[in-house]
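Q: In order, the protein sequences belong to chains A and B. Take the first sequence: its letter number 91 is residue 91 in my numbering, and every next letter is one higher. Take the second sequence: its letter number 72 is residue 1072 in my numbering, and every next letter is one higher.
There may be inaccurate statements among the hints.
Unchecked claim - Short derived list, chain A residues pointing at chain B, Cβ under 8 Å: (1) Ala98; (2) Gly159; (3) Ala160; (4) Ala162.
Hints listed in this document are in silico derivations from the structure and should not be mistaken for laboratory results. Ideal Cβ positions, reconstructed from N, Cα and C, are used throughout, including at glycine.
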Amino acid sequence: MHNLDPPFPRPAERQGITTRRSFLRGVLGVAGAGVLGTGALAGCDLLGGGIGGGGAQAHPLDGFLLATVALGDRYDATLAAVPALAPALTSVRDAHRAHATALAAELGKPAPKAPADAAPAPVDRAEAVAALAAVEKSARDEAVAACLAGSARLAPLLGAIAAARASHLEVLR
Amino acid sequence: MTSSLSGSAAEALSTALAAEHAAIFGYGAVGARLDAAGQTAARQAEAAHRSRRDAVVVRIASANATPPPAAPAYELPFPVTDRPSALKLAIALEDGAAHAWRQALGATSGDDRKLAVEALMDCAVRATRWRATAGISPATVPFPGTPA
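Working from the sequences, and respecting the hints, build out all of it.
A: Take a look at the structure:
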């Protein structure tokens, strides 16, 4: 399997050929570059897609993918009902869309369409935020479960999705 | 108790441990530049990284491998002289640890992967809080642990 992950400090087993100091400086170097947004470390394996799947065979993550699409739809409905939430929540909605796109690419299929939500989104701001927080919390737990059950190839993406959902709860407080 | 680790899992956990050592060191430079609330958050973050470091040390040792120790000194990626640079470092520390933990997910399974995903979530949440404190919008990133 390809590995386009950015360079990272030497593994412990091979420390003999590097110094401890340079090994650990690399840890901070990676962090610093990320913050500065130099882009030099771009090229993760998440969005590469094109993993040979092809076709539309059923996959154990199909349900998770559909639920991820539905999560984005849920934010759309909430933003339509409470436009004042747009500044805070548009990026969260976009993250769910990006997750669906990345996962669909990994599974080698287009992102599905989710059936329309039966319940209308709340129009009260506090209620809307509380409802989304509840949805995010169970979505986070589902992503953790999917990550733990997932293949070595998909686990990093599923874990990142779980972490994103966990961080969304900070925005929904 | 001994519980084996594959070579790649041991590597990934050692890399994550190095990131935790670096984060613990880095938080020492963060707190002093922040107000009381920021200092409390920095202390809590440092405690979280210490407890995770300890868990990883125990885990690696349980496989009869040698956990990499902390370095005697670290070079900060930029000078930390005021509140903005302290917050920037805090975000960098969490992002760096998140990156190592995300890498570990593919190399681990079972309880080790659980440790990794919980660590990744914790780092992502703390990074989000620091970004919010710094007034960075959006405070979240779509794929935590993935360098921008």
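Q: How about Gly159/A: closest beta carbon in chain B under 8 Å, or not?
A: holds (4 Å)
Q: Hint check: is the beta carbon of Ala98/A less than 8 Å from a beta carbon of chain B?
A: It holds, given that the least Cβ distance between Ala98/A and chain B is near 5 Å, below 8 Å.
Q: Any CB of chain B closer than 8 Å to the CB of Ala160/A?
A: holds (4 Å)
Q: Does Ala162/A pass the interface hint, meaning its C-beta sits closer than 8 Å to a C-beta of chain B?
A: Constraint on Ala162/A satisfied, holds at 6 Å.
Checked against the numbered hints above, the structure violates none of them.
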